[in-house]
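Top line first, the protein sequences correspond to chains A and B. For this note's numbering, add 13 to where a residue sits in the first sequence, where the first one is 1. For this note's numbering, add 2 to where a residue sits in the second sequence, where the first one is 1.
Check the hints yourself; a few may be wrong.
From the derived model, a few chain A residues whose C-beta atoms are all more than 12 Å from chain B [to be verified]:
| hint | residue |
| --- | --- |
| 1 | Asp29 |
| 2 | His35 |
| 3 | Leu47 |
| 4 | Arg73 |
| 5 | Gln81 |
| 6 | Ser90 |
| 7 | Lys122 |
| 8 | Pro123 |
| 9 | Pro126 |
| 10 | Asp127 |
| 11 | Leu165 |
| 12 | Gly167 |
| 13 | Glu171 |
Going by beta-carbon spacing under 8 Å, a handful of chain A positions derived as facing chain B [said to hold, decoys possible]:
| hint | residue |
| --- | --- |
| 14 | Glu30 |
| 15 | Ser36 |
| 16 | Leu146 |
| 17 | Leu150 |
| 18 | Glu151 |
| 19 | Thr152 |
| 20 | Asp174 |
| 21 | Ala177 |
It should be emphasised that the hints constitute simulated quantities derived from the structure, not laboratory data. All values derive from a computational prediction rather than experimental measurement. The C-beta atom is built at its ideal place from N, Cα and C for all residues, glycine as well.
Residues per chain, in single letters:
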Amino acid sequence: MNASASERPHILLVDDEPEILHSLKGLLRREFTLHTAETGPQALEILRQHAIQVIMTDQRMPQMTGAQLLGQAKAISPDTIRILFTGYADIKAVVDAVNQGQVYRYLTKPWDPDELVDLLSSATAEHQQRKKLQAILETASGLCERISNSELAGGFREECDQLADQIKRLSDG
Amino acid sequence: MLGDAISNESESTIMPSNKIPTLLVVVVLSEKQQWFVAGISLVDGAVDCLVRSEPANLDAYVGGDADEQLSFLRHRLSGAMQRGFDRLWGNAAKASRIVLIADQELPDSTPELLPRLAEHLGIWMTRPPIVFFQGKGSERIECFSELQLLAGQLEATEQTYLEKQLPTLQQKLADPTAWEVIAKPRDSS
Chain A
14 MNASASERPH
24 ILLVDDEPEI
34 LHSLKGLLRR
44 EFTLHTAETG
54 PQALEILRQH
64 AIQVIMTDQR
74 MPQMTGAQLL
84 GQAKAISPDT
94 IRILFTGYAD
104 IKAVVDAVNQ
114 GQVYRYLTKP
124 WDPDELVDLL
134 SSATAEHQQR
144 KKLQAILETA
154 SGLCERISNS
164 ELAGGFREEC
174 DQLADQIKRL
184 SDG
Chain B
3 MLGDAISNES
13 ESTIMPSNKI
23 PTLLVVVVLS
33 EKQQWFVAGI
43 SLVDGAVDCL
53 VRSEPANLDA
63 YVGGDADEQL
73 SFLRHRLSGA
83 MQRGFDRLWG
93 NAAKASRIVL
103 IADQELPDST
113 PELLPRLAEH
123 LGIWMTRPPI
133 VFFQGKGSER
143 IECFSELQLL
153 AGQLEATEQT
163 YLEKQLPTLQ
173 QKLADPTAWE
183 VIAKPRDSS
């Protein structure tokens, strides 16, 4: 990949162990713009301040678990792709997080560094696709509304309204 | 795609790599409650001392119930393995199998703790797969025939390299300067 610094996707890494963050920075800094946080509250603050494409968090942290963090992250930045990782198989946390739609992927330590880079690249590509889809939906929604409000709608006004409504629901996620 | 819960996949899905295939060996010294992570090259058998903890790194399990002890140990040791993976990556090597050796039973635990830990890791850590051994004496891991297999299976080549290099690894354990030291996490705990 090796994009220029301004083009690199923004990734937020969250782990209460600074040394793990340090390792991740060494691994990922060439391909991504990295933000790091050692606690859930710190991570939420970064999410409020920056356009983050992917957040990747440890599950087991003091103050706030990774699943709890991702739940709040979803509310602050719904488009951000969410990845949860943990060094132990806390099945309940995983099931809860997945069922609540909070995670794109769940990873267990130890992960293969090369595969992590691939995963994050896929996640940022997914984020880009979602943004494109979002833009298309917004355009289509506006077009439907304009047609519906014009003489062009003719006998299809009701169908246009229904379509606009469906697009809006899709767009709102 | 949302909500795909993936963990480790089967051994057969490991992608080919141009990196040096390596055994990632994690040694747990039970009395000291300390871990060491080394690589043993499957090309030439070279032993690479990677990282170690300070003594008492594992002491947070003491006093917990059996499930808490298991949860803590698998979390902490997974972190140790992750660091080993990261260091191998920096050396253009790649773990093709994890070998975990606990020199003996952990103090203040039941005899079931290590077998349960081995069973759990054997189920969850399949990419690469793990082999778990328990030794018979304090800080003695040099003799392969004294190690009791708790989970997993080595291939013949892997066993040859491991058996040959255990005495070297044993010597390295006594040299604290040979390893990068990992600080104990602040919460721990």
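We went through each hint and held it up to the structure:
With a closest Cβ-Cβ approach of about 6 Å to chain B, Asp29 (chain A) is found to fall inside the 12 Å limit, against its non-interface label. Under the 12 Å C-beta cut-off, the non-interface status given to His35 (chain A) relative to chain B is violated; the minimum distance is some 9 Å. Listed as a non-interface residue, Leu47 (chain A) keeps its Cβ farther than 12 Å from every Cβ of chain B; the least gap is roughly 15 Å. At roughly 6 Å, the least C-beta separation between Arg73 (chain A) and chain B is not larger than 12 Å, which violates its mark as non-interface.
For Gln81 (chain A), the non-interface assignment is confirmed: its Cβ lies about 16 Å from the closest Cβ of chain B, beyond the 12 Å cut-off. Residue-level check passed: Ser90 (chain A) sits 15 Å from the nearest beta carbon of chain B, beyond 12 Å. Its closest Cβ contact with chain B, about 4 Å, brings Lys122 (chain A) to no more than 12 Å, contrary to its assignment away from the interface. With a closest Cβ-Cβ approach of about 4 Å to chain B, Pro123 (chain A) is found to fall inside the 12 Å limit, against its non-interface label.
The Cβ of Pro126 (chain A) does not lie farther than 12 Å from every Cβ of chain B; its closest approach is about 4 Å, which violates its non-interface assignment. Its closest Cβ contact with chain B, about 7 Å, brings Asp127 (chain A) to no more than 12 Å, contrary to its assignment away from the interface. No beta-carbon of chain B comes within 12 Å of the beta-carbon of Leu165 (chain A); the shortest separation is about 36 Å. Here Gly167 (chain A) stays apart from chain B, with its beta-carbon at least about 39 Å from theirs, past the 12 Å limit.
With a minimum CB-CB distance of about 32 Å to chain B, Glu171 (chain A) clears the 12 Å threshold, and the non-interface call stands. For Glu30 (chain A), the interface hint holds, the least distance from its beta-carbon to any beta-carbon of chain B being 5 Å, beneath 8 Å. Because the smallest distance between the Cβ of Ser36 (chain A) and any Cβ of chain B comes to about 4 Å, under 8 Å, the interface hint for this residue holds. Interface restraint check for Leu146 (chain A): the shortest CB-CB distance to chain B comes to about 13 Å, outside 8 Å, so the restraint is violated.
Taken as an interface hint, Leu150 (chain A) does not check out: its beta carbon lies about 17 Å from the nearest beta carbon of chain B, beyond 8 Å. The interface hint given for Glu151 (chain A) is violated, since its Cβ lies 21 Å from the closest Cβ of chain B, which is over the 8 Å cut-off. Here the hint on Thr152 (chain A) is broken, as its CB sits about 23 Å from the closest CB of chain B, past 8 Å. The interface hint given for Asp174 (chain A) is broken, as the beta carbon of that residue sits about 29 Å from the closest beta carbon of chain B, more than 8 Å.
Restraint check, Ala177 (chain A) versus chain B: the minimum CB separation of about 25 Å is more than 8 Å; hint violated.
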